[in-house]
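A.B. asks: Knowing the structure of chain Z, use the given hints to seat chain H on it.
For the protein sequence lines, the chains are Z and H, in the order given.
With numbering that gives the first Met the number 0, the residue at position 294 of the first sequence is 293, and numbering never jumps.
With numbering that gives the first Met the number 0, the residue at position 65 of the second sequence is 64, and numbering never jumps.
It is worth saying that the hints were derived from the structure and are not from the lab.
Treat the hints with care, as some may be off.
Where chains are identical, the list cannot tell them apart; a pair therefore holds if satisfied intra-copy or between any two copies.
For lysine-lysine, the following DSSO-like pairs were computed, each having C-alpha atoms within a straight-line distance of at most 27 Å [what the hints assert, rightly or not]: (1) K151 with K178; (2) K178 with K48; (3) K275 with K60; (4) K274 with K349; (5) K274 with K339.
All of these numbers come straight from a predicted model, not from anything done at the bench.
2 protein chains.
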Amino acid sequence: MQHLRELYRQKNFQQLIEELNGLHEADLAEYFKELDGDERIILFRFLKKDLAARVFSYMEKEEQMGLINAITDHSLRDLLAGLAFDDKIDLLEEMPANVAKKILQNVSGDERKIINQFLKFPENSAGSIMTIEYVDLKEHYTVGYALDHIRKTGVNKETIYTCYVIDGNRRLRGTVSLKDIIMADPDITVGELMEEKTISVQTTDDQEEVAALFKKYDLLSVPVLDHENRLIGIITIDDIIDVIEEEGTEDFYRMAAMEATEDDYLSTGVFTLAKKRILWLMVLMVSATITGNIIGHFQAVLHSALSLTVFIPMLMGTGGNAGAQSSTLIIRGMAVGELKRRDALRVLFKELRVSLVVGAALGIVNYARIILFAGESTTVALTVSITVFLTIVLAKLTGSILPIVAKSIGLDPALIAAPLLTTIIDALALLVYFNIALMVLGPSLTAG
Amino acid sequence: MQHLRELYRQKNFQQLIEELNGLHEADLAEYFKELDGDERIILFRFLKKDLAARVFSYMEKEEQMGLINAITDHSLRDLLAGLAFDDKIDLLEEMPANVAKKILQNVSGDERKIINQFLKFPENSAGSIMTIEYVDLKEHYTVGYALDHIRKTGVNKETIYTCYVIDGNRRLRGTVSLKDIIMADPDITVGELMEEKTISVQTTDDQEEVAALFKKYDLLSVPVLDHENRLIGIITIDDIIDVIEEEGTEDFYRMAAMEATEDDYLSTGVFTLAKKRILWLMVLMVSATITGNIIGHFQAVLHSALSLTVFIPMLMGTGGNAGAQSSTLIIRGMAVGELKRRDALRVLFKELRVSLVVGAALGIVNYARIILFAGESTTVALTVSITVFLTIVLAKLTGSILPIVAKSIGLDPALIAAPLLTTIIDALALLVYFNIALMVLGPSLTAG
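Isolated chain Z, as found in the complex (with noise of 0.2 Å):
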């Protein structure tokens, strides 16, 4: 990409021209990214009409602003024209107010009408994210007369590859891939050759429910219909694949007790962002102060062995750890379909063996360490020791009860798991220790 620069400064536009039109447009999408405003407009220029939409279709929120904001009427048109239709209502969706209108005013009116009935379904819905784009048949047409039709209406159609048979009230009768289409005898019917057990999606469905059936039948694309069940969109694989990103990345930022931005990171602003982390931090600073009344509760117990005090970040830590490990192991399983609320009851028995295991290994382990590096009493060895094991038994089934329990009343698992298991967790730690401490040391504690 270096040698475009090297042309663009060496005025060299006719090459310059040449080789911007030689380039995939998601690799142009990228350089444009790299240049400044007015590098990028007159480079853009450059492009032939439909390259242009494509890599259009690819770029940024701000860039896409910036660029219709410095073209011309006649120039939006064109670009409007080289767009899919989803990607015309994405951009509706993310542009500010003049900007929306600037383009709703370059598209034809009848165009605009859709375009306004798109722009009422709800976020994150089937409707939301569905196209116009698709080849519709009747089953009375021939094979041959089938792929006639799909020849003339076909080319600027965002999926050709799976037609949708429909009938005079625009209801769904079937299905036909255009791979049985060019196999099958040109003379006998699409309704004969059509598959009728369609898989379909209402334009209110959830887009996440939406992605599960992809994933679940295998689809490349699948149609959406109204409450009265005729056609009025279809989804395609592509926008599928962001959807289980976007849902990914949801559930990341959700464990990490974050709201998700709808925006790219860098262009989201600071105070916005500070906004998005503070409220969950506040609740986890103000729950936390319970683990302090429990500290404060006990603190004659401190007092008389300060030592304990050394291993309640340890404690608290591993406590965390195991059952972060438990509750990200389930959010997960849930999230991608492998573990279904049937298995409720095999998940926390399954987990219950693992923390034993794993409680006991790590008990064992802390036990040697602290007699041969901390130098303390066996019975000071002894009571983190079994508080150890107790508290990564308790972590992991709070872990595994805690995601099914948000699950089954409704609630988002990964949003309810970060903020309150780490709360419950330590106190439950701080709890045991204090106990055992009291039951082990107990004598001593009074004598000292």
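C.D. replies: Just chain H, lined up with the frame of chain Z:
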């Protein structure tokens, strides 16, 4: 599905066979999972050959093993004939040696030879997820001849929507979509129609990099070449969706300090699961010695002002959470390709500013909380609140720098972040706390 159980109990097999063969393979596989081994084998025999093979490819390892052991060589041959080539490879990779042997005995000698070559590709490489079922064309074919060729050879090919154009040495010359073939004049040649700028991968490329290409270029399939650029397979998008999910799961696990398991959770043994978790917990437990030592070192301070102990869990927790937010954001941003290494300085500067806002907000709330509810002196409140502020700033910077450094020295950021981060932040939080305490409370500590 209750209905199917009823038919089975009534031994109404004719009706049962009809209904079973009318279901989608994914739903059948889900139903079969619920059955015990014997009933599963009986019902499986009721399925038509091609449906049986499709259901089989959806099953879990254990179920597949049970079926292979139960059926005759003849049925196994039918089953294998119906499986896609990449599903056969997956199956062989998962089965124990004796079952794999039974499978290899029931494929043709030619296929066995190819299978053995494919089994040699390293795990997680492009070679290990590709299939040999694609359509290849020659440049001199006319479009009409190409379409006939697809009709003749394409029926069992996994995807026929992208055809691969090769020369006499099987070197890839370009690709042509079925869409372009059916739209084109039947008399022009494939060479004139094909797209020469083809994105391809090598057999040894990592599957994660391949997935990144699919996302970047919105691909449905990609050709896989050997070191001499000969076409030897293709990778299709359905397998890439699995890769994206697998890689996401791996990151989730690593960030929760676990190794990923290849198998399904429920079918993995307790000791295997325990082994995947013990190592990191052990490392974290032992590294917590550092924080223990810091507390030990400053025990005189705690002895003079024991109420400081009460705030240790809150400080460590808040630091850990603030750091995890930053590291999660950056690890995920790098994993999905949103953040590149060249963005490192911008990210650090942004996280610094966010941390100042978040730290100040939490510090102030914390000061008010301690004064109003904890009944501590203003000097204690000041000590704790300054520590909250500084800990958050340090935690967020550490959380941002660590993944970037890990990536730049070739380590997996997800793997390194969780264990190291908590230990570092805990130590930093305590060092800040005790030093601030000595400064702010210094006079009263010596007095006390």
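A.B. asks: If a hint holds in the structure, say so; if it does not, say that too.
C.D. replies: Hints and how they fare:
no., hint, result
1, K151 with K178, "both (17 Å within a copy, 12 Å between copies)"
2, K178 with K48, "between (31 Å within a copy, 21 Å between copies)"
3, K275 with K60, "within (20 Å within a copy, 42 Å between copies)"
4, K274 with K349, "between (39 Å within a copy, 14 Å between copies)"
5, K274 with K339, "between (34 Å within a copy, 24 Å between copies)"
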